[in-house]
Amino acid sequence: MADRLYRLVVIVISIFTFVVIAYPLYFIVIASFSNSTMVNQGDVIFFPKGINFYGYEKIFVDSRIWQGYLNTIIYTVFGTLLNLVITIPAAYSLSRREFRARKIIMPLFVFTMYFSGGMIPTYLLFRDLHLLNTPWVMIINGAVSVYNLIITRTFFESSIPDDLHEAALLDGCSHFRYLASVVTPLSKAVISVIALYYAVGHWNDFFNPLLYLNSDHLQPLQIILRNILLSNQAFADGAGSGAGAGAGSYAQQYADQIKFAVIIVSTVPLLVVYPFIQKYFEKGVMIGAVKG
Amino acid sequence: MKSMQKGNYQLWILVLPALIYIAVFAYGPMYGIQLAFRDFDFSKGFTGGDWAGFKYFEQYFNSPMFWPTLRNTFVIAFFSILLGFPMPILLALVINSIKNNKYKRILQTTVYMPYFISTVVMVALLQILLSPSTGVLDLFLKTFHLVPADVNLLGNPSAFVPVYVLSGIWQVCGWNSIIFIAALSTVETQLYDAAKIDGANRWQIVWNVEIPAIMPTIIILLILNMGSMLSVGFEKTFLMQNSLNKPVSEVISTYVFNVGVKSNQYSFGSAVGLFNTVVNFMFLMLANSVAQKSSNISLM
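Chains as they are written, first to last, in this note's numbering: chain V, 6 to 297; chain C, 37 to 336.
Don't take every hint at face value.
A few chain C residues facing chain V, derived, Cβ under 8 Å [said to hold, decoys possible]:
#, residue
1, Q46
2, V51
3, Y57
4, P65
5, S133
6, I153
7, S154
8, T170
9, I214
10, S306
To be clear, the hints were calculated from the coordinates, so they are not data collected in a lab. Note that the structure is predicted; figures quoted are calculated from it, not measured. Here a beta-carbon is modelled for each residue, glycine too, at the ideal position from N, C-alpha and C.
Construct all of the structure, not just a fragment, from the sequences and the given hints.
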């Protein structure tokens, strides 16, 4: 009896959670290609109505979005590469027991997770290094996340047998070569997890460009999105220009539809990548946070 | 022995880039904290101005914005932890007891998904879904009388904290459950079998087997959450802020941005920021020592 009640509670909670989380996502998708008047009147609930792709068409001709897209891709690709190139070797060193200095280095790293200089001193440091308003600030900033470093180090310590290292050492293998040809290929799981963490961080970064960039041509997608989605400097002027007031109000009517489409276009790349990496999540997160 | 030393030299090279990064970009700004105790002078930079002692701290403590920013930060952080912390644990227990693997996978994939939505998009979603004239969610909540019909969920100051906290749970609850699901997966099947033989029902298994098994994880995460209690997310607060909700949405970090960066009051901004960091750090230490005394679990 108690067990049956338990099963019922589990089913009810899981269905409730599923609906509450999935429905808004589903709604955005169907609203992005439905007639926006019908959406606004609350007619679009389960299925798209008055199907049209006006929102997407508008996005395809908006150069700001593509510039933002391009900038975000550049920052994400190079930023993530730099992250991995710095994090993996450091995690390897810190995982080696014979590396005595790790007892000093590790606490120095961990301390920065809990205590920082704060917004203003960091801003002034970037200013003094002449990194403000350059693409470099978006790539270099956050080059190492101590959290990801700990996840990776713990994975190296616990999942790669030490015997391998001894064997390699006997064969005259250097640390460089051992890391490149033994450790890295064996660590695909943790590397994909931290690569995803880093890439999501770069892709969704809003705070750093807000603070450190002011040229229009450097702005990443998130800043453009904010202008379109939240400040409504959207398409009222863009679509209206050259076509008179009538076209402006026409654009306003469709503003929400454009917003839905923008949301989808900007989020899809992450949602496409993540199911492939999902199977590694639990392992990666578990190793890093529970044992770390 | 020789090869050991050679090896160590290689290990130093491998760790060096990270070491340099941390030294420059994490400890560099910490060195710059002295700005909070100096009068910032543009021509002299970081550490050139004259010492000002605690002038800027006093200025903040005595300013009319001290209590509002501190209170708003605390209220948002408190409710985020109070409501947001138990949810992922509950969700993990639920997911863990689903036997149907296909349904389990679909559920997990779905609940992780909102985590990948950026803060900008998240806030835009709230604005679209909660719009008093056209929002679907607003319509739903009002049709079922879950909120009073005359409340504007985007502008009303009393709606700001619930909207902030609940949308935060919507976004990260699934993601945060991963770690508890992972911890639950390590519970040995013998423990379940033993409990069943002792006649435990499913509820008793949750209380006596599963929760004790994930308790260390719960405590460590709680300590970590306490440590970042006052670093209430700048991005979301900043993006949700409007003239109507400003009395409840101005938190310490948005205040630092507004007075420090936007109005170039670098010393004052640094002092406010440092106050925030120190209080955070004290919370972390406090939570850590309480946990250590009560259960022998600690971070350090």
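So which hints don't hold here, by number, going up? Failing hints: none at all.
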